[in-house]
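Each chain is listed here by its residues.
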Amino acid sequence: MVDESRAVLTGTHFMSGDLACAEGALAAGCQFFGGYPITPATEISERMSRRLVEVGGVFVQMEDEIGSIAAVIGASYAGKKAMTATSGPGFSLMQENIGLAVMTETPLVIVNIMRGGPSTGQPTMPGQQDVMQARWGSHGDYEIIALAPSSVQEMFNLTIECFNLAETYRVPVILLADEIIGHMWERVKIPPAEEINVVSRKKPKTPTAEYQPFKPDKDLVPPMACFGEGYRFHATGLTHDEKGAPETVSAEVQTELVKRLADKIRKNAEKIVKAQRVMLEDADVAVIAYGIPSRAALSAVREARKKGIKAGLLRLVTIWPFPQELVSDVAKQVKAIVVPEMNYGQLVREVERAAKTTPVILLSKLGEEPHRPSEIIEAMRRAVK
Amino acid sequence: MRMEIRLAGFGGQGIIRSGLILSMAACIYSDKNAVQTQSYGPESRGGSCKSEVVISEGDIDFPKVDDPDIVMLMSQEAYHKYVNTAKKNGTVLVDPHMVQDRNDPPNLKIYDVPATKIAKDIGKVIVANVVMLGALTAITKIVTPEALKNAVLRNIPKGSEDLNTAAFEQGYAYGSELVRKQGKTEP
Amino acid sequence: MSESNLMMHHYLAKYLRQERMPHIWCEGCGNGILLNCFLQAINELNVDLNKIVVVSGIGCIGRVSGYINVDSFHTTHGRAIAFATGVKLANPELEVVVISGDGDLFAIGGNHFIHAARRNVDIKVICANNFNYGMTGGQYGPTTPLDAWTTTTPYGNIEHPFNLAHLAAAAGAVYVARWTSLHVRRLKASIIKALQKEGFSFIEMISPCPEIFDRYNKMGTAVDVMKWFRLVSQVRHGCDPAKAEITENEILVGEFVDIEKPSYGRLLREMTSRVQDKLKREES
Chain A
1 MVDESRAVLT GTHFMSGDLA CAEGALAAGC QFFGGYPITP ATEISERMSR RLVEVGGVFV
61 QMEDEIGSIA AVIGASYAGK KAMTATSGPG FSLMQENIGL AVMTETPLVI VNIMRGGPST
121 GQPTMPGQQD VMQARWGSHG DYEIIALAPS SVQEMFNLTI ECFNLAETYR VPVILLADEI
181 IGHMWERVKI PPAEEINVVS RKKPKTPTAE YQPFKPDKDL VPPMACFGEG YRFHATGLTH
241 DEKGAPETVS AEVQTELVKR LADKIRKNAE KIVKAQRVML EDADVAVIAY GIPSRAALSA
301 VREARKKGIK AGLLRLVTIW PFPQELVSDV AKQVKAIVVP EMNYGQLVRE VERAAKTTPV
361 ILLSKLGEEP HRPSEIIEAM RRAVK
Chain B
1001 MRMEIRLAGF GGQGIIRSGL ILSMAACIYS DKNAVQTQSY GPESRGGSCK SEVVISEGDI
1061 DFPKVDDPDI VMLMSQEAYH KYVNTAKKNG TVLVDPHMVQ DRNDPPNLKI YDVPATKIAK
1121 DIGKVIVANV VMLGALTAIT KIVTPEALKN AVLRNIPKGS EDLNTAAFEQ GYAYGSELVR
1181 KQGKTEP
Chain C
2001 MSESNLMMHH YLAKYLRQER MPHIWCEGCG NGILLNCFLQ AINELNVDLN KIVVVSGIGC
2061 IGRVSGYINV DSFHTTHGRA IAFATGVKLA NPELEVVVIS GDGDLFAIGG NHFIHAARRN
2121 VDIKVICANN FNYGMTGGQY GPTTPLDAWT TTTPYGNIEH PFNLAHLAAA AGAVYVARWT
2181 SLHVRRLKAS IIKALQKEGF SFIEMISPCP EIFDRYNKMG TAVDVMKWFR LVSQVRHGCD
2241 PAKAEITENE ILVGEFVDIE KPSYGRLLRE MTSRVQDKLK REES
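Protein chains in written order, with our numbering: chain A, 1 to 385; chain B, 1001 to 1187; chain C, 2001 to 2284.
Treat the hints with care, as some may be off.
[Claimed, not checked] DSBU-like mimics (lysine-lysine), calculated; alpha carbons at most 35 Å apart, straight line:
1. Lys1087(B) to Lys1141(B)
2. Lys2051(C) to Lys203(A)
3. Lys189(A) to Lys1158(B)
Derived from the structure by calculation, the hints contain no laboratory data. Nothing here was measured: the structure is a model prediction, and the numbers come from that model.
If we strip away everything but chain A, and leave its shape as in the complex, we get (with noise of 0.2 Å):
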């Protein structure tokens, strides 16, 4: 029995980024998780277990990931708000199905608390490696939607901003966290159920006869039936007409449903993307940071300020579409820009793309300790001299 008064839990917590992450998600109107243990975004799993149970939803321990991301796509065309849960290793393997959700525009939430790779990596410790998969993993063209966020508040926030956006745009969206805020743990105030956006699933309003389940309104997402709703559809991870028919040999076709894929999201870029400005009105010098990484960067940025250097930072906060406006207004403006990552250099690359001819650093960091604000309050130092 589907029982909605227990899944917002009112009030002010002091949580993990993965038990924010799942509150957030039942908070949303999750009802189904279909998930495999992976260090360290298990505490997810375990919290929807005993959670999703309270509130009559569904969980499942799956035997692989492949098998999760599968029965997250099922049960999602069966009706219900539904996510998974992995780090790297398990990402890998969801990637030939995260394609599926995108062909079949299937709304779902995928949760990435990032490790250390490539392979099994550092599983304890944090990375910020998977960015370039998150946006490129599946084969084909296709664009995604990726948020990062970088406390515990953001962890349950950004949860039920990922499942508002499945929804709006019956797309696969990614939260894509680090270990650090996976497993910190920080204040968190949730709200009374009713100060709490949730978007609920387009439906057609055509008679079930007429129905065609890929056939986009002005905004160029379907709205979506689901099974069980007398509509008879078809899907297919097959290239495919309005109506859902297999179509693998006309190019017209490929063409139509690549773009619209790819377009819904570019087209929309404007709406999807949200970011942070700090001190930048005058800055000579900014940081572009997201995840832990931006935590680290906005002490440095006061601290440099303090220094009189002026310092301002650009916290992303929308990662895939990548935010190429908010990035170029900042790039016209500095002298240079310097990029905190996790990593050896990834969302670094769409930086220089959308910077042009402003110097843009890497501060790369591998493994345990994040960066701290002392690093790079001397990279913008020796930046701007």
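With chain A held as given, fit chains B and C onto it using these hints.
Relative to chain A, chains B and C alone:
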């Protein structure tokens, strides 16, 4: 004011739980902000283990410990690795029974708290971390004893309240005694 | 009667997405027989067509979900059962049927098969077993007989095949039956039975593959293969599936397993009620 605390030992000693208790005492039972982060290896028991807590009246931007005001060390490995990370004139608590090979650096206020032995005498080694937290509260006054006790009670299994309260009290008494002998250290 | 007229007037026509016809399968292939038996079964049971979902994987038979005029989904290779698990658990009112091939279900998807059977998820799995990967041109798979010739066993197959019925039974299926595409009435009866049964049911249909596997292995036309089915198949209800290995001289068919066991969905709903009742008691 921002205070940084580093707690280190090995897996199974309740190091990460200690960090949670301390940060909860600050965040839930005092009117402060707190962040706890942690670092551990693949072992559930025996591997090296570290928990870091930042406590502040204001917002906490950088959540990690950079230059710790307080360091609590419960294993030989932790001692070697972290005793020198404490800031100048910082406070260091060491469990002397777990750390025999000592080379205490100067310019630190070092307090020996035999938490593991005290815990054993009470009945269970497993509460050594709570003994240590009791001493830490008495020595550093970073949170009130009431706040810490409340946080302890919230973080332990039902039925172990008496044991943990005793552990806290004894640790707190031991810490107070040390302060009387060695001089206190206000945050 | 013209072909299009026949399509309109056939009593099973309403179950097909007629605009998708003709299907992609070869003449003599068993997939059409399987589809026919399935449609007859849902016709006889008078199933609510708005409450049945057909899921398939990749391969020749994978296209079947697109042909049946119910809610349907054509998943990635091997993942039909995992997808179906999500559908069934998310909406227990739906009747969820997976129709797929031996390669899809037992090679790339083998892990999902055994775990869905172990969990006793309330889904029905119908497998067309043609002993090879037909769609990619006839490579050997998990059911290819020892010594058989395929395009990737040019010197003969040196791998031992799975006995699918035995595997399903060992993994925990509550209903296991095997038929050949010759046994149309019995196959239909098994599908009807499985649809009425709670829990993970598995039906294997041995199928000819006249243009690929059967041709490579000089088994003659589809009719010759059907004659071979008649010659070597023996109905043995209740037979120990471990003893039902398929050989050149013997194909044991029948209902091998028919047991009762609570499904995953039922246990989940019972647990949910218990937990919610306890919470309510604690609150009041």
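Verification of the hints:
At most 35 Å may separate the alpha-carbon atoms for a hinted pair to count; Lys1087(B) and Lys1141(B) meet this at roughly 18 Å. Among the hinted pairs, Lys2051(C) with Lys203(A) is consistent with the structure: their alpha-carbon atoms are about 18 Å apart, no more than 35 Å. A C-alpha spacing of about 27 Å is found between Lys189(A) and Lys1158(B), which places the hinted pair at or below 35 Å, so the restraint holds.
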